[in-house]
Amino acid sequence: MKSLYTARVMRPAFRVLLCAGCLILAGCRSASQANHLTYWCATNTFEIEFARQIVAEWNQDTTHFPVRFQPVPSGQSTEEVILAAIVGKTTPDVYSNIWPGVVEQYREAGAILSLNQFRDFDSVLTARLPSELIEGFRSPDSQFYHFPWKGNPLMMFYNKGLLEDAGIEKIPTTFEEFMAIAPRVVIDRDGDNHPDQWLLDVHIIPEWWQRFFDFYAFSIASTKGKTLITDGKANLDRPESYQVMNFFRWNFIHGYFPRSIFQEDIFLKGQLAFHVTGPWMISYVERYKQPNFEYGVTPLLLPEGMEGPVYTYGNHKSIVIFSTTQYPREAWEFVKFMTSRMNDLRFLEISSQLPLRKDLTSDPLYRDYFAEHPIGQLFADQIPYTVGTDHTIYLQEIFDIISQEFDAACIHQAKTVDEAITSMQKRAQQLLDREAYGKKADRP
Amino acid sequence: MKRPNTVVAPYFLITPYILHFLLIVAFPVVFSLILTVHRWNLLSPMTWVGGTNILTLISDPLFWKSLWNTLRFLIIHIPLQIAIALVLAEILNQQLRARGFFRAVFFLPVVISGVVVTILWKQLYASENGVFNEVLLALGMGRVEWLTSPLIAMPAIAIMATWKNVGLYVILLLAGLQSIPKQVYEAATIDGANRIQQFFKITIPMLNPVLLTVIILSTINGFSLFIEPYVMTGGGPLNSTLSMNLFIYKQAFCFYKMGYAATLGFVLAVVVFAVVAVQRKFFEKEF
Chain A
1 MKSLYTARVM RPAFRVLLCA GCLILAGCRS ASQANHLTYW CATNTFEIEF ARQIVAEWNQ
61 DTTHFPVRFQ PVPSGQSTEE VILAAIVGKT TPDVYSNIWP GVVEQYREAG AILSLNQFRD
121 FDSVLTARLP SELIEGFRSP DSQFYHFPWK GNPLMMFYNK GLLEDAGIEK IPTTFEEFMA
181 IAPRVVIDRD GDNHPDQWLL DVHIIPEWWQ RFFDFYAFSI ASTKGKTLIT DGKANLDRPE
241 SYQVMNFFRW NFIHGYFPRS IFQEDIFLKG QLAFHVTGPW MISYVERYKQ PNFEYGVTPL
301 LLPEGMEGPV YTYGNHKSIV IFSTTQYPRE AWEFVKFMTS RMNDLRFLEI SSQLPLRKDL
361 TSDPLYRDYF AEHPIGQLFA DQIPYTVGTD HTIYLQEIFD IISQEFDAAC IHQAKTVDEA
421 ITSMQKRAQQ LLDREAYGKK ADRP
Chain B
1 MKRPNTVVAP YFLITPYILH FLLIVAFPVV FSLILTVHRW NLLSPMTWVG GTNILTLISD
61 PLFWKSLWNT LRFLIIHIPL QIAIALVLAE ILNQQLRARG FFRAVFFLPV VISGVVVTIL
121 WKQLYASENG VFNEVLLALG MGRVEWLTSP LIAMPAIAIM ATWKNVGLYV ILLLAGLQSI
181 PKQVYEAATI DGANRIQQFF KITIPMLNPV LLTVIILSTI NGFSLFIEPY VMTGGGPLNS
241 TLSMNLFIYK QAFCFYKMGY AATLGFVLAV VVFAVVAVQR KFFEKEF
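In order, the protein sequences belong to chains A and B. So the first sequence is numbered by the numbering used here: it starts at 1 and just counts up by one. So the second sequence is numbered by the numbering used here: it starts at 1 and just counts up by one.
Heads up, none of these hints are tricks.
Each computed DSS-like pair below joins lysine-lysine, with the alpha-carbon atoms no more than 27 Å apart:
(1) A/Lys289 / B/Lys122
(2) B/Lys65 / B/Lys122
(3) A/Lys426 / A/Lys224
(4) A/Lys426 / B/Lys65
(5) A/Lys415 / B/Lys65
(6) A/Lys415 / A/Lys226
(7) B/Lys122 / A/Lys269
To be clear, the hints were calculated from the coordinates, so they are not data collected in a lab.
Produce the entire structure from the sequences given, and follow the hints as far as they go.
And the structure:
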């Protein structure tokens, strides 16, 4: 009886537990003794193809340290996945699609390496980046923790046919001109007392990052490139904020911007005159547009009387090396290879996204591409006039506050613009004060 | 004297469950309790903050808004769901043709992924070219801003959640109805009671235990409202669909306030216990 019990129950159970233990140990061993670099890229097909090509070319050279790549694991958002990887210490060596807004959090946690430790970093950075953009990537401790890779300036796509039908010959450049054409564009075609085409769309679901495409981008244009924070002080209560908020509020009140959820892409369907987006939209529109659909691209709107270059949000993405890497020098060499002149051209051709480099429009290497893609050239010309986001660990929360106040004052008019701006200024400043207090408390 | 293996073996065999309980249930609860008195963003070391999280919660208007939104959802969702489930269960309890087919049809939404159902309903609710608005227009009525009006968005979500979950409660109530002896109805019929009187004087009282279970289950399910506002409205418009769970999720995984999110989680648990206790006291006495 005893031997039967032991044979049928105890031994199999013991074996299962033993196997599970061995598998766990084997997993730990392989993770800690990797003899290659791991590179995570974004999950879109264009960037996966780019990663596949450059990794294959890198690995062909036997003097290079081997690299394996994979798209960043799927999750609700990339930031969540990276955060989970940092907490679990399963970060890759190199990651190429990081939003600069989260870099400060990762830096404070010691999760990413300072790139200044590499002797040639300064020369590589200054050779690549326009001088006016460099400071935007520097952390408050004067170090650089992310390498600027691509910039996707926001501009306005417009539907040429729809504007021609409305008798509009000059594309508006100011808020006033834009509002003046609104009654001619927003019309009821089928007589049901409801508009069938609109002037501009705004994402009405209150997600914090959607404000990059409306309030933030237009604030940057209206202030000639100023962000929201200066020396720990929130700058939300400024005249330009009132101009931008009043502009959106007025258009929602008059129904020129739709307060609706649509089933389809109304820009491609020909029901929208303007749409704020980045150069990634080019390949999308080219793939899905109707044969007679014609479009153009124009910079963001300015307040009346303002002249000069039009600034915009750059929507920059960077490359980081995580501090879990055992091969920082090799990782840095791979980053340099990935952002070389030839690979930037390859990236441009595959994805239609713009490498963030100062010679993008002057280097003969890229000339043919832009000759064939004039709309891409417009985005490239915009790059020197882009700004990113501020460096604060509360950036997402500040944008969430802006989103709530924008929702209340502009989309639903439940508050006045004055109340909304006063509230967002106060709440953002409270967060910045908390951050400053925390830093003071951390000092020895 | 017992053989050694029969003493050790039971403990050995329950070890996986004990490990599972300790790691998946006990540890997170204890850890969350510790978090309620700390500030932690997952990346930096925890900082002791004492009662700050609970004080922040009390003065946070969004917490009260999310609590009110969740209660508003329950007030619409639970009576609607139970009324529809009761009517459907009563119909299915009759000698209908294809009764099994209808039971399966009503239960189908319960087993479909919540995200899939929510995306589907978001399309139905679309302001332009959405099915519901097209039907209203065909009937000569005006468009309804189902998901973009602060007044209508939460009832719209409650209707969708009712459609999704009602099948489960139909099955539970049907089992309850079938357990009521037919002789009771026969006796009532002989005494002259009509169908409505039988329903209120026999069916409802005798369904009391099942109804209580259904009410408690739908309350607990209602408090876990998350996927619907997350996918359909993001908590808007004007935070009118910001449920407690969505609020907790945002605090934890958008703003990395783990201590505050844990505090909110415990407060939500207390609220659920309190509401269920009130329901038990009221309904057990009433029926």
